[in-house]
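Given chain A's structure and the hints, the job is docking chain B with the ligand onto it.
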Amino acid sequence: MTHPVAIIGVGWSGFRPVTPDVSYKELIYEAAVRAYADAGVDPRRDVDSFVTVSEDFHEGTSIFDEYVPDQIGGAQRPVHTITGDGLHGLAAAVMQILTGRFRVVVVEGHSKASNILTLPHITAYALDPILNRPLQVNPLAVAALEACRYMHESGATREQCGAVVTKNRRNALRNPAAAYGADLRTEDVLASEVVASPLARLEISDHADGAIVIVLADAETARRLSPHPAWIRGIGWANDSPSLESRCWARAVYAERAAAMAYKMAGIGNPVEEIQFAEVDDTYAYKELQHLEALGLCAQGRAGPLTREGATAPDGCLPVNVSGGSLGVGHLLEASGLARVLEVVLQLRGHAGSRQLGDVYTGLAQSWRGVPTTSGAVAVLSNQLGGRES
Amino acid sequence: MPLDPTLHADDLRAWYGSMPVTSRYTVGPAGERFFRAMKDAARILGTRCGRCNLTYVPGRLFCERCFDELTDWTEVGPSGTIEAVTVVHLDLDGALLEPPVLMALVRLDGADTVLYHRLSGVDVADAKIGLRVEAAFRRLEDRTGSILDISHFRPAG
Ligand SMILES: [Zn+2]
Numbered sequence: 001m002t003h004p005v006a007i008i009g010v011g012w013s014g015f016r017p018v019t020p021d022v023s024y025k026e027l028i029y030e031a032a033v034r035a036y037a038d039a040g041v042d043p044r045r046d047v048d049s050f051v052t053v054s055e056d057f058h059e060g061t062s063i064f065d066e067y068v069p070d071q072i073g074g075a076q077r078p079v080h081t082i083t084g085d086g087l088h089g090l091a092a093a094v095m096q097i098l099t100g101r102f103r104v105v106v107v108e109g110h111s112k113a114s115n116i117l118t119l120p121h122i123t124a125y126a127l128d129p130i131l132n133r134p135l136q137v138n139p140l141a142v143a144a145l146e147a148c149r150y151m152h153e154s155g156a157t158r159e160q161c162g163a164v165v166t167k168n169r170r171n172a173l174r175n176p177a178a179a180y181g182a183d184l185r186t187e188d189v190l191a192s193e194v195v196a197s198p199l200a201r202l203e204i205s206d207h208a209d210g211a212i213v214i215v216l217a218d219a220e221t222a223r224r225l226s227p228h229p230a231w232i233r234g235i236g237w238a239n240d241s242p243s244l245e246s247r248c249w250a251r252a253v254y255a256e257r258a259a260a261m262a263y264k265m266a267g268i269g270n271p272v273e274e275i276q277f278a279e280v281d282d283t284y285a286y287k288e289l290q291h292l293e294a295l296g297l298c299a300q301g302r303a304g305p306l307t308r309e310g311a312t313a314p315d316g317c318l319p320v321n322v323s324g325g326s327l328g329v330g331h332l333l334e335a336s337g338l339a340r341v342l343e344v345v346l347q348l349r350g351h352a353g354s355r356q357l358g359d360v361y362t363g364l365a366q367s368w369r370g371v372p373t374t375s376g377a378v379a380v381l382s383n384q385l386g387g388r389e390s
Numbered sequence: 391m392p393l394d395p396t397l398h399a400d401d402l403r404a405w406y407g408s409m410p411v412t413s414r415y416t417v418g419p420a421g422e423r424f425f426r427a428m429k430d431a432a433r434i435l436g437t438r439c440g441r442c443n444l445t446y447v448p449g450r451l452f453c454e455r456c457f458d459e460l461t462d463w464t465e466v467g468p469s470g471t472i473e474a475v476t477v478v479h480l481d482l483d484g485a486l487l488e489p490p491v492l493m494a495l496v497r498l499d500g501a502d503t504v505l506y507h508r509l510s511g512v513d514v515a516d517a518k519i520g521l522r523v524e525a526a527f528r529r530l531e532d533r534t535g536s537i538l539d540i541s542h543f544r545p546a547g
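Top to bottom, those sequences are chains A and B.
Okay, so the first sequence: first residue is 1 according to the numbering used here, each after it adds one.
Okay, so the second sequence: first residue is 391 according to the numbering used here, each after it adds one.
Don't read these hints as lab results, they were simulated from the structure.
No experiment lies behind these values; they were computed from the predicted model shown.
Cβ coordinates follow ideal geometry from the N, Cα and C atoms, glycine included.
Hints may be right or wrong, so weigh each one.
Said to hold, decoys possible - Which residues of chain B face chain A? A partial, calculated answer using Cβ under 7 Å: (1) Leu397; (2) Trp405; (3) Thr412; (4) Tyr415; (5) Val417; (6) Ala474; (7) Val477; (8) His479; (9) Leu480; (10) Met493; (11) Val504; (12) Val512; (13) Ile519; (14) Ile537.
With the rest of the complex left out, here is chain A (with noise of 0.2 Å):
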């Protein structure tokens, strides 16, 4: 990549099950001012453009892209939202600085879900009208069927599944932010009541509400500005099928296509390799080792003995979602992808706390948008340019 981005300031406001005393914009506005404060810039002075992400029904509000600009310095300047992940947000941000016409960019992502009454309602909605929503049913089906599938090809088991969850929530206890730790036995996942078969309830995860806003420049701003900038060697995004009945119901396609675009980017041949902690959708428990084996980061049917090995637990081999990820900081809608990129900056800069992973330059972020769609993004990222320089 010859001009490379970095990513030269974040921040969050949350993460919490519900946040009834602020109002959305208000909730934004925090992470806004921090991010800014982080990267030491002024949104309304140094920032060339801003990107943001999110769902008009998940708002409650019609073309609610109209309503981001002012919580984040936005007004009177360049301003677009896509409806999509918070990662795709950060491939447009990564796009427009580097047709050379922007030097700044910003991307944001939040979710109010407590606000959102009737959810299930709006993931049936967005199914097929003619040919699956007639049938009514709660849209927890999709992912219970992909669970089903893909278990019944790799040879996953509940009890590896069981330990994602564990390993996840146990993460989250040294994550101030996250909404959801918990020491729970792989035994009081299996236990909770099964919702749709074969997930049980522990092993979806639950919302938060939060906000990410994370400040992107170029390399001859990043190098002047940051002390620790996290470089994004690739990211690529890619959609699977659309139609449930057309779609792989096994693999994560979607991973698959995204994490080969990043990675021909970034100049990675050997994902294990180079690779030395990941950040996944981790939504359903079994979608964390679905997507680590669509990444290359395990062989096919390797993702559950590893994890039940401890191979992604934080001292392991591959560390996976050591943030807790969306089953241990609560599920961000939109800015969930924002929140695995979050993680992988604070790991490469160091300021994970108790956390913290000894010694890590590359890392890997990873979303999905969700039941049902087929589409996701993933981004790599280094404090250093070119792999290792030490």
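Chain B with the ligand alone, transformed into the frame defined by chain A:
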């Protein structure tokens, strides 16, 4: 971050809103042909891409792999095989379903894609990947030209 944080939860205010959303969804020429065959003749039609060697069900007008137009209509099913199955215990409002609902991905004989539909008339213990099933159509006078013209799938008899 507020300069004067709220300390009394009872003082917190919220406003409520809702909006009725009603839409019309045109099924198009391929949908017309697919649903008419179900309604009039209890037949399930797909379209075939010879280039990709794939049969799409429901039939559609174009191949998502090679982007060719599809004109080769073919009948599939009504029997097929379960590719995935789940027992759903919650309704759309999150309330407990009693009894629970079985949902399955069914690959009809002759098709390369699956249908997402209800499964009935089978013990939960027998509802497994590989089970042979068949479409249970509603009676002719009850069929309206919708995916619900198949009331459910049941074990092939
Ligand atoms: Zn084709």
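Here is what the structure says about each hint:
1. Leu397: violated (9 Å)
2. Trp405: violated (10 Å)
3. Thr412: At 11 Å from the nearest chain A Cβ, Thr412(B) fails the 7 Å test, so the hint is violated.
4. Tyr415: holds (5 Å)
5. Val417: Holds. Min distance 6 Å.
6. Ala474: holds (4 Å)
7. Val477: holds (4 Å)
8. His479: Hint on His479(B): holds, closest Cβ of chain A at ~5 Å, below 7 Å.
9. Leu480: holds (5 Å)
10. Met493: holds (4 Å)
11. Val504: Hint on Val504(B): holds, closest Cβ of chain A at ~6 Å, below 7 Å.
12. Val512: violated (14 Å)
13. Ile519: Because about 5 Å separates Ile519(B) from the closest Cβ in chain A, which is inside the 7 Å limit, the hint holds.
14. Ile537: holds (5 Å)
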